[in-house]
Amino acid sequence: MSPSAVSLTTIFVIVAMGVAIGFLAGVHRKMDLEQWTVGGRGFGAVLMFLLIAGEVYTTFAFLGASGWAYSRGGPTLYIMAYLTLAYVVSFFILPQIWEVGYRSSRELADASNRRARARRARMISSADGQTIENRCSVRAESA
Amino acid sequence: MSVATLRLAAGYNHRPVRVKKPSVGALLLGLIPFIAMCLSVSLWDRIEPMIFGLPFNLFWLIAWIVLSSLCMWAAYRVEVARDRKGSGVQ
Chain A
1 MSPSAVSLTT IFVIVAMGVA IGFLAGVHRK MDLEQWTVGG RGFGAVLMFL
51 LIAGEVYTTF AFLGASGWAY SRGGPTLYIM AYLTLAYVVS FFILPQIWEV
101 GYRSSRELAD ASNRRARARR ARMISSADGQ TIENRCSVRA ESA
Chain B
144 MSVATLRLAA GYNHRPVRVK KPSVGALLLG LIPFIAMCLS VSLWDRIEPM
194 IFGLPFNLFW LIAWIVLSSL CMWAAYRVEV ARDRKGSGVQ
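Protein chains in written order, with my numbering: chain A, 1 to 143; chain B, 144 to 233.
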């Protein structure tokens, strides 16, 4: 078996397993939109930790950065600076975003669920969530 | 106590959510890592002296990863102290 065949097989097996688990999970229970989008708000601490760790340590951290340092050298030092400074910015911004999310207690699909009664609009907004999220600028005004 | 009103401009939540602004002291503490790692590159971008076998600029960046954590810890203390003082007033 050639290396590319091995990697392709691995990818397809993992995708097939993910799809099968997803469908099996939905067979015996009735799911609403909240369960589909945010797991019924019932993710445990361990699962949340693993998800956040997966978000933070991307493929770039393991493969991209090292490969780039190997091929380009010195300029990749900037990675350490920008990652650190990103967290400095996050310290000030993320609590406020959390506050907005907590007080309004709505995910994006939730919001469109209440706002747009039509089922089709709800489905489109779920599928198109990223676009709407980008349009959703947070406006600050003094009180 | 000054608060900022955040409102999602997309319009699905018309109730404004009030969030607190970070204090000036915390913002200044957050500015320190930016000055050290971003705005003063020409001051520390050199190979000599080697420290622990690392070129000086690499050592500087690694050192500031740790020192940035200290700055943010101090900023956190500033925010907590302000919250404790402000909670009675608000």
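Hints should not be assumed to be uniformly reliable.
[What the hints assert, rightly or not] One-sided and incomplete, this derived list gives chain A residues near chain B with beta-carbon spacing under 10 Å: (1) TYR87; (2) PRO95; (3) GLN96; (4) GLU99.
The set of hints was computed from the structure by calculation and includes no laboratory data. Here the structure is a predicted model, which is why all the values come from computation and not from measurement. Just so you know, even glycine gets a beta-carbon here, dropped at the ideal spot from N, CA and C.
Evaluated hints:
1. TYR87: Nearest chain B Cβ about 8 Å off; hint holds.
2. PRO95: Hint on A:PRO95: holds, closest Cβ of chain B at ~8 Å, below 10 Å.
3. GLN96: holds, 4 Å
4. GLU99: At about 5 Å, which falls below the 10 Å cut-off, the nearest Cβ of chain B leaves the hint on A:GLU99 intact, so it holds.
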